[in-house]
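With the hints as a guide, bring the two chains together.
Protein chains in written order, with this note's numbering: chain C, 1 to 641; chain R, 1001 to 1321.
If you're looking for bench data, these hints aren't it; they were derived computationally from the structure. No experiment lies behind these values; they were computed from the predicted model shown. Treat the hints with care, as some may be off.
[Said to hold, decoys possible] Simulated coverage check for chain C against chain R, where a stretch passes if three residues somewhere in it have a Cβ under 8 Å from a Cβ of chain R:
id	region
1	329 to 340
2	534 to 548
[Stated by the list, open to error] Which bits of chain R does chain C cover? Going by a derived footprint, with three or more residues having C-beta under 8 Å, they are:
id	region
3	1049 to 1056
4	1071 to 1077
5	1090 to 1104
Note that the Cβ used here is the ideal one computed from N, Cα and C, for glycine as well.
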Amino acid sequence: MTSRVEETGSTFDESHDPESEPANGGKRVRRLDRVVIRFAGDSGDGMQLTGDRFTSETAGFGNDLSTLPNFPAEIRAPAGTLPGVSSFQLHFADHDILTPGDAPDVLVAMNPAALKANLSDLPRGAEIIVNTDEFTKRALAKVGWQADPLDDGTLQEYRVHPVALTTLTVEALKETSLARKDAERAKNMFALGLLSWMYHRPTEGTETFLRTKFAKKPEIAEANVLAFRAGWNYGETTESFAVSYEVAPASRAFAPGRYRNISGNLALAYGLIAASKQSGLPLFLGSYPITPASDILHELSKHKNFGVRTFQAEDEIAGIGAALGAAFGGALGVTTTSGPGIALKSETIGLAVSLELPLLVVDIQRGGPSTGLPTKTEQADLLQAMFGRNGEAPVPIVAPASPGECFTMALEAARIALAYRTPVFLLSDGYLANGSEPWRVPELSELPDLSVEFATEPNAPDGSGGFWPYLRDPETLARPWAVPGTPGLEHRIGGIEKQDGTGNISYDPANHDHMVRTRQAKVDGVSVPDLAVDDPGGDARLLVLGWGSTFGPIAAGVRRARAAGGKVAQAHLRYLNPFPANLGEVLARYDKVLVPEMNLGQLAMLLRARYLVDARSFTQVSGMPFKAAQLAAVISEALDD
Amino acid sequence: MTDTAPNGIKANGALKLTAKDFKSDQEVRWCPGCGDYAILAAVQGFLPELGIPREKIVFISGIGCSSRFPYYLSTYGMHSIHGRAPAIATGLASSRPDLSVWVITGDGDALSIGGNHLIHALRRNVNLKILLFNNRIYGLTKGQYSPTSEPGKITKSTPMGSLDEPFRPLSLALGAEAGFVARTIDSDRQHLTSVLRAAAQHQGAALVEIYQNCNIFNDGAFEVLKDPATRDAALLRLEHGKPYRLAPDGEEIVHDVTDPDPTRAFALSRLTEPTPIGVLRAVPRPAYDRQLNAQLEQAVAERGEGDLSALLSGSDTWMVR
Ligand SMILES: Cc1ncc(C[n+]2csc(CCOP(=O)(O)OP(=O)(O)O)c2C)c(N)n1
Ligand code: SF4
Ligand SMILES: [Mg+2]
Chain C
1 MTSRVEETGS TFDESHDPES EPANGGKRVR RLDRVVIRFA GDSGDGMQLT
51 GDRFTSETAG FGNDLSTLPN FPAEIRAPAG TLPGVSSFQL HFADHDILTP
101 GDAPDVLVAM NPAALKANLS DLPRGAEIIV NTDEFTKRAL AKVGWQADPL
151 DDGTLQEYRV HPVALTTLTV EALKETSLAR KDAERAKNMF ALGLLSWMYH
201 RPTEGTETFL RTKFAKKPEI AEANVLAFRA GWNYGETTES FAVSYEVAPA
251 SRAFAPGRYR NISGNLALAY GLIAASKQSG LPLFLGSYPI TPASDILHEL
301 SKHKNFGVRT FQAEDEIAGI GAALGAAFGG ALGVTTTSGP GIALKSETIG
351 LAVSLELPLL VVDIQRGGPS TGLPTKTEQA DLLQAMFGRN GEAPVPIVAP
401 ASPGECFTMA LEAARIALAY RTPVFLLSDG YLANGSEPWR VPELSELPDL
451 SVEFATEPNA PDGSGGFWPY LRDPETLARP WAVPGTPGLE HRIGGIEKQD
501 GTGNISYDPA NHDHMVRTRQ AKVDGVSVPD LAVDDPGGDA RLLVLGWGST
551 FGPIAAGVRR ARAAGGKVAQ AHLRYLNPFP ANLGEVLARY DKVLVPEMNL
601 GQLAMLLRAR YLVDARSFTQ VSGMPFKAAQ LAAVISEALD D
Chain R
1001 MTDTAPNGIK ANGALKLTAK DFKSDQEVRW CPGCGDYAIL AAVQGFLPEL
1051 GIPREKIVFI SGIGCSSRFP YYLSTYGMHS IHGRAPAIAT GLASSRPDLS
1101 VWVITGDGDA LSIGGNHLIH ALRRNVNLKI LLFNNRIYGL TKGQYSPTSE
1151 PGKITKSTPM GSLDEPFRPL SLALGAEAGF VARTIDSDRQ HLTSVLRAAA
1201 QHQGAALVEI YQNCNIFNDG AFEVLKDPAT RDAALLRLEH GKPYRLAPDG
1251 EEIVHDVTDP DPTRAFALSR LTEPTPIGVL RAVPRPAYDR QLNAQLEQAV
1301 AERGEGDLSA LLSGSDTWMV R
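Same shape as in the complex, but just chain R (with noise of 0.2 Å):
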């Protein structure tokens, strides 16, 4: 723990809280199984790890059942609307550099209704980690195929199949120019922390994938990457400097997260057998609030601070007596 940490966030080094102190005191309402509870657990868990005080963390969310995530932590926080939450998000970053801003969204959320503020948050490369709780489904209403539901899904709005190609989150996000992209798993607490770590620590709009069991509307979509029986070879986890292939006969690839190209991030992006988990991405570049931050401070230095009364008179003005 330094004193700043990597984000630029103003950390606290003698902070000594647990997940404890990040727990609300609100009833947590998922479905029993969800695999949002481990999701929050691991979030609890990891918060103490940033070494921010909790009054500098904010929490902002969307519509849907993972967008109720905030109302059960301690920390600041708003239950939006849906879809907007980068939006709303993108204005609190760049008018409060000193916070800590998190968004919690789904997969209908993000790519739906909220795809036009996602892709538009990650281009201006707002200082926010975006944690995109992605179970394949719509939740909260009750079992509606999703933009990342697989073709021919059979739902209650889809009866024969649905029709639709699916977006695949991290080629959209590597596409609207993110610069730190990851994807992880609900059940995996180990994995999912030290994502969040690479999250919290880049510098500029992070988005992390997490794939999230709805037990209830799309029980087991993810089974194969967690059975210990299948996931070894179902998953490709990938690790900044390890080697990895695009297929068992391709060549080995050095996995670089830093490699400003992102031609490869965005092969792994669309593979799928095996499936990457862990951080494909994660370029730094300068942050949209603190640019704008800085011209507002370039602004007086270059021109003083503002003068209302001269302002107000202009150039052109005349007197009556």
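If we strip away everything but chain C, and leave its shape as in the complex, we get (with noise of 0.2 Å):
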């Protein structure tokens, strides 16, 4: 997920590159351009974490990636089941990547519940690894297997390797002291070893990992490394397994500079943090714990030395209030969570329009309507965020369009709250919030200069030496913000409508029709930059206009329509309200424009009531992202009629 190099859309294809040498005690080595391998497991396997392994190794080794965690909301849903499957998958390439991958090529399956639940998703040819020793009569009698699908021909048109992996890791720790029941629950590092091997990934990354991690538990630690060497060394030496795979890095890929590997969730938290002292003020987050969203609470809270205050508040409502009072008195108010404490927040983020004091709202969507599907993601809030609170409100809304990006994209909503005294949305989700991808460290010159002017002397324009709240930047529109502790400025706002310039309680209509229309001019007038488009010919009739998430899947459709010889440009917004200047204009360019979401065409409404324009909808509400093959064949389709 990185800079603009043309994606072929081939599949996985190993005659796509047949150079190969022998190496590794003789074995086969075979080069691919690029690999999608999924690690399935029970959701107490740990499956997240040697994905998350997997992918420090993998960034480490320089190629471009994009991850895919997905997992039940249940903690620890029944042993062996269906829905207790966990599964993380990761694309990674030699040259620039835009999604996670539509199907595997590799799957890992820790016991028969993840073999069934991932097979359908496997291609033709795909390789599997399977745990044997989870492939028991009662576990296969769980997920409804009669008959064994390692030795009935289920798996007949892939390529199979049994492993007994619990009892090789146990095998492999008999000379440590654990127990046999701990010993086992090592066989995920072994299957992490196993994988590091085949594809020649970097190793000792993990191995001070795993000390750093249990380092309150060396014998776990070590008996971590062993079982992880020994997946090593089974790869190795087995004959089960003659090849392995070398991805090159995609030094091509990446603009110079420094990289790490970074989550939608990092990369927001660490945006705030970067707002924070870019602005010069104390960052203060309220928040109530939820799923997709609470990562960003807990890595902010480790943050105290720049100054972070963390307030767990009894609800989203007391979360954001803290936030707003924080903002009163001069920091740099935030509040994260999902849509169903957006629901609780409206009343106070109208508060905050009344007031007009800046404060972040962070929405990482997941599945609703209600608790809907926690774990999973979704854009669906786009309307909440857009309209969802009593009276003329407006909020401005900005939303990310990688993980990455949520870094940047949380500096763009400090820049407008701060500078235009609003609360401000921003709308990630499940997908960006968890997925990952390298990205480059920024230089602290690069960051925007965010610093604030409080007011610190009376303006009022009658000469009387008081000090009028709501008197005007006549430019922005945005209001002084006058920090109790200021004397000489003290006053008093509230949710009641308040004549504009004095700020005192007004009921007059005619101020009233004037407040209601100054707040959306406000927010109207906030500078946006303008939407570019990426039409390589110039000559496109069909545009792509896509928001948030998608942004990857539908560039690697889009991808692969070109491809295939078809015209298509590309457009994505970062900006939802307002909308970029140069929207319409766009718009108009083309004679069809097709909006995917993740949602019921919540953003292809908007367009339509504000341009008049038929833009097409294509929504996909299933919980998981877009696949590229399914956006091009949208595509094509749209192309063609």
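Written as structure tokens, this is what we have:
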């Protein structure tokens, strides 16, 4: 998920690059341009950790990558059942890539449930590594398999590597003092070791990681390292793995610089800290735990030495209330949540609109309505962010398009909130939050200046020496921010309509009409960059327009359509309120506008209402991101009719 | 007046402010005869005593007749939304420990819609002084019964009498681990002022229930406590170090506001005949905001000021040239 190098859309194909050399103890090595691996197991099998580690090794090696963790809402769903399956998919390549991959080339299945739950996603010829120890009659029956799929022909189309992962792990740890049960738990590290051997991943990072993670339990740390090495050695020595693979670093895909791997939620937390630093305002986070937003609370809680105050409130209403109270006191107030939390915060967001104080409202969207699909992704809160309040209560909205962009857009949200004295929505989602990609670490000198000037002097135009809290900046329409502690500027603000200028309570009809229009004009006037359009030939008649986390799959779909000769333009909205000034003009340039969204057409509805454009919606609300192939097909259909 | 007021907010001994300095230029719009006027006058009369400059004082309210209060003071103020003032004030007090933060709330605001925020603010012990104007009715919405109305209350929404058991606000506060709990009456300026003083001196969250007459929708609710003919028998005036009895023939107890065990304070909070007024409990414990800020300082002391560049890089980076 990096720059603009063309992705050919080639699928996994060994014959693609037949060059192979003997190495690794006489074993063959094949070169691949990209691979999609999925680790799948029970919720308790540590698949997310395994995936994370493989990702780190891969990032360190210099491949481009994109990840898709996928796990159930239950912490430990009943073992061995289909609902309990947790998986982690990773796509890595020697060139730049845009998505976590449509279908895995390799599936690691830790038990029958993991195999069954993921089998339908595998293309013919895919490799499957199964933990045969778990394929007992009972375990098979649990997922409705009468016969063992390992020997009844079910897996005929695939290249299956049966490995007794549990037995081998226990065997490798027999010299340790660990009880059998504890030894078994290291089997995910055995699998990681095996896969690390198969794909020539560097291993020091994982060993260091394990020793740090289990620093307080050195015998567990050593056991995991042993299992990890045993997995590696198993690949190297056993005959069932005759080939290993090389995926060269994606050096050409990256602009020069220092890189790291980053998930959306981590990037967002860092963006907030950076915004605090760049504005000179202390960060105050008021939040109530909710998936998939809690990690931002966890991360920010670690960084108190940056002057970050985190407040785990009694509920979402108190979370945003405290953030708003801190903003009144001159802090950079932030609240983080997911859709159900936004529903609770609506009244306070309205208050912030009326108080005209800066406030960041971060919504990591998940499947809805109600509790919905807590661990899955969706983009269905756009209209809630746009309109979900009583009265005319406009709020600017920004939306990052990739995990790394969560950093940039957090800074952007802060810029808008501080410059215009308004609450601002940042819409991320579960896919961005948990997905990760290589990210170029910015130099501090590249970060925007967000410095703010508090009011310090009386401003009453009548020369009374008084302070008018709603006397606006004629450019931005922002009101002065006078924080408690400033002598002479004592003032009262509230949610009751107030007179423009003085801020005194006013029920005057004409003033209310003026204030409603002024708050709207302020948000309409927020400066946002023009929308860039990617149209290499300059003669496309079809525009594909998306927003938020669908960027990767849409761009991959567009590449495929172009590779097949289609003329298609792509543009992606990161600013949803206000829209970029040139959006109307961009839309008017194309005969057809296709809008893929993970909702039932919310952006399309806004575009139709605002620009009278016949936008076509393509929607999916499965809790899973779009696939590149799926969008490529929709695009070519749209090109054809 | 000392350099540092006992609640830790910087005071300025040289400051000579008067009640007039705490009046805003806004016209007060309560019904004539409303008990809120007396409370406003008492607060304006008391604030100069704090020795804290006006700009360091903030009043935050919810919604209700009582919550209009901040508009009439010349300090910083926020009239927020129904029930949420303790949450908003928590954010302000936690990030600005240099301020003296007061919450104004009503019985509906604090105990109905905002009940959750109230109990958590008390439990957390945020350095807030919460003044709960209890008129045992919803004033602003024109007279529905409230969570402190007596059972059987006939109102527009309960024409056959209300059915639910009321809260005893002070029992609730003690149950929520409040360190400072007191009760006073709108019309007794001297007593009201003494309770405000004690609350202001307390380190941490303080809840003051103020019996307030709503002469429009619940007139005379506290009349027995005010009428010179009945009040002496009806009131139990608590004073630290002075004896009281829970029943006429009960044992004599010496009132100790600092008793760490809340049992006696709780017994007092349930007593109605006579009705105790004064400070029931004043047990200091570390305030949330102070502790939060201490953690920030500790983090800096242990790890140094945050280095953004190092944070962004993390431990696993690679170079592309
Ligand atoms: C969310 C919300 N719900 C309801 C109201 C209507 N409302 C305003 S004040 C109030 C009750 C006020 O009673 P109380 O807190 O006792 O204050 P009083 O007016 O008696 O001082 C209600 C229900 C509101 N403003 N906001
Ligand atoms: S309705 Fe009652 S509480 Fe409200 S202002 Fe009038 S008298 Fe006071
Ligand atoms: Mg009331």
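Of all the hints given earlier, name the ones this structure violates by number, lowest first. 2
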